[in-house]
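Asker: Assemble the complex: chain R is given as a structure, and chain C must be docked to it using the hints.
Protein chains: 2
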Amino acid sequence: MLAQDIHSQSGQEKVFDTGLALRQAVREGRFSGDTAGKAPGLLQGNLAILPKALAHDFLLFCQRNPKPCPIIGIGEAGEVSLPDLGQDIDIRTDVPAYRIFRPGQAPERVDDLNSVWRDDLVTFVLGCSFSFEEALVAAEIPVRHIDAGRNVPMYVTSIETRPAGAFSGPLVVSMRSFSPADAIQAILLSSRQPLAHGAPVHIGDPAQIGIRDIMSPDFGDQPIMNDRDIPVFWACGVTPQMAIRNCDADLAITHDPGHMLVTDIPAETAESRLWGIAQNNNN
Amino acid sequence: MLAQDIHSQSGQEKVFDTGLALRQAVREGRFSGDTAGKAPGLLQGNLAILPKALAHDFLLFCQRNPKPCPIIGIGEAGEVSLPDLGQDIDIRTDVPAYRIFRPGQAPERVDDLNSVWRDDLVTFVLGCSFSFEEALVAAEIPVRHIDAGRNVPMYVTSIETRPAGAFSGPLVVSMRSFSPADAIQAILLSSRQPLAHGAPVHIGDPAQIGIRDIMSPDFGDQPIMNDRDIPVFWACGVTPQMAIRNCDADLAITHDPGHMLVTDIPAETAESRLWGIAQNNNN
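Top to bottom, those sequences are chains R and C. Numbers 19 to 301, taken from this note's numbering, label the letters of the first sequence in order. Numbers 19 to 301, taken from this note's numbering, label the letters of the second sequence in order.
Honestly, I wouldn't trust all of these hints.
Chain copies aren't distinguished; within one or between two, either way the pair holds.
[As the list claims (entries may be wrong)] Derived SDA-like pairs: lysine to any residue, alpha-carbon spacing no greater than 25 Å straight-line:
no., residue 1, residue 2
1, K85, R246
2, K85, S197
3, K32, G276
4, K32, G47
5, K85, Q203
6, K85, A199
7, K85, R168
8, K85, D200
9, K85, V155
10, K85, G183
11, K85, A153
12, K70, S133
13, K85, I159
14, K70, R82
15, K85, D247
16, K85, N169
17, K70, P121
If you are wondering where the hints come from, they were derived from the structure by calculation, not from laboratory data. Since we're looking at a predicted model, the values are computed, not measured.
In isolation and in its complexed conformation, chain R is listed as follows (with noise of 0.2 Å):
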């Protein structure tokens, strides 16, 4: 480990300069703590692995809802590995903490793969909220789940996805309020980042999208509004969770929420670099 791979070294509250230094620290057991603001300006990805059985079906439901499910990468049958993304992952060991989902069992928490691994397990990572939180911040737009150091709140709705094969379920959404000023450029910065979760999918009234008490969200942590702020919706990676935990495979696995596969990607880079290496691959 280089000393600068670690800006702080007080418990969990490190920050790595490169992707594969968290991943490497995280392999070793040196790292297992979320990776929220830990690999700043590096692409973040979700955590979907399901049998080759189910992948068709899944990457259907992905490309029908790109909001809640932009996709940033996907594995061949069986491999750990994704060059794509960065250097040496090892899908196995590579993310701080994974939930398994098996059918009739509760979610079970692991800090590895290397006892469930199959050689049809297809990995998806799915772009995640991380990278435009962080261009809020870099824009000086007060992010206040961040600034209470809570979790973002997030809601099911009355929204339903479009369903694909054995995928389906409601359009979950996390919820950021800012003065209407701050809300039109949260609307254009994250407008910028599709493989974030992109534009919103509402502003204003919850009770349009079938959310009865804002602050009694279904995941995460009560949010803190203040007098003229406007709560603005973002589909959220627990869709696609959701749609998992429903869709019956014998095995399912996802990752612990806030523990991220982190990429070598520079996130303000990655619309680009995901798509040039879509492109090459077509070539």
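Answerer: Positioned in the frame of chain R, the structure of chain C alone reads:
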């Protein structure tokens, strides 16, 4: 007059294929109506004509308030053509109706400026919202006042412009209301047209910007708002008109509301075209 210049010949309901055709019809007295929708796809502009002694301060006012005052063209003192904006423009005759302001007198509506033109007059053309509204319509986003055949409602706000010399006054906004999903799209589409006032300045609660009763606009027609609509407020070209009215020039001229200068510039390429012109002039 070529047959293709006019699609409909019923009274003032003409639609022109080119800016030149419309301007020539105006100059020759064959067209005197408002220009909304009369030259689809072409950039239209608000007009402000001021004595050279006040021109620097007005330009400074526009630079300091770019959302209400996006500059699309400025003539030399005494110059009546605007070659950057269109072929054979004569600013004294090519706008369907003008307003003349003189100290202590009520504004006077005139059809041309032949009798008042002076060699010290400087012409400013400022972007207007027509091209942005065309983009909304093209995106199939309902624009309530257009669908109802009304003028857009406009409001004097409690927000002050940044003053410059003799020019100051409140920010005036136009309001369009949408479903929340359409409001998000409208914010994104308008942000791509900074020369058509760009992104909105406010969304949601009208009282936050000093509007007491949204159903009683200061200018334009009463709004039509659906139950679940969210109001969205854009900076408006009436802002510089109010500043001009208060500037105590011995002579100041604007277009008559709704009666714009129609340019030859395709609205969708206006940003790059006008930036290109500015760049060429700098070289």
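Asker: All hints are to be evaluated individually against the structure, with a verdict given for each.
Answerer: Each hint tested on the structure:
In this homomeric assembly, K85 and R246 come within 25 Å of each other (Cα to Cα) only across copies, at 23 Å, whereas the closest approach inside a single copy is 27 Å. Within a single copy, K85 and S197 get their C-alpha atoms as close as 24 Å, and across copies as close as 19 Å, so both meet the 25 Å cut-off. Within a single copy, K32 and G276 get their C-alpha atoms as close as 15 Å, which meets the 25 Å cut-off; across copies the closest is 60 Å, which misses it. For the homomeric pair K32 and G47, the shortest alpha-carbon distance inside one copy (13 Å) is at most 25 Å, but the shortest distance between copies (75 Å) is not.
Taking the closest pair of Cα atoms, K85 and Q203 come within 25 Å of each other both inside a single copy (19 Å) and across two copies (14 Å). For the homomeric pair K85 and A199, the shortest alpha-carbon distances inside one copy (23 Å) and between copies (13 Å) are both at most 25 Å. Proximity of K85 and R168 under a CA criterion of 25 Å is satisfied intra-copy only: 24 Å inside one chain copy versus 36 Å between copies. With identical chains, the CA atoms of K85 and D200 are at most 25 Å apart both within one copy (21 Å) and between copies (16 Å).
For the homomeric pair K85 and V155, the shortest alpha-carbon distances inside one copy (21 Å) and between copies (24 Å) are both at most 25 Å. For a Cα distance limit of 25 Å, the shortest separation of K85 from G183 inside one copy, 19 Å, qualifies, whereas the shortest one across copies, 48 Å, does not. Both within a single protomer and between protomers do K85 and A153 lie at most 25 Å apart by alpha-carbon distance, with minima of 18 Å and 23 Å respectively. In this assembly of identical chains, K70 and S133 lie within 25 Å of each other by CA distance solely inside one copy; the values are 18 Å within and 81 Å between copies.
Taking the closest pair of Cα atoms, K85 and I159 come within 25 Å of each other both inside a single copy (22 Å) and across two copies (20 Å). In the homo-oligomer, the alpha carbons of K70 and R82 lie at most 25 Å apart inside one protomer (19 Å), although the nearest pairing across protomers, at 59 Å, exceeds that limit. For the identical chains of this complex, K85 and D247 are neighbours both inside a copy (24 Å) and across copies (23 Å), given an alpha-carbon limit of 25 Å. With identical chains, the CA atoms of K85 and N169 are at most 25 Å apart within one copy only, with a shortest distance of 20 Å there and 36 Å across copies.
Taking identical chains as interchangeable, the C-alpha atoms of K70 and P121 lie at most 25 Å apart only when both belong to the same chain, with a minimum of 17 Å there against 80 Å between chains.
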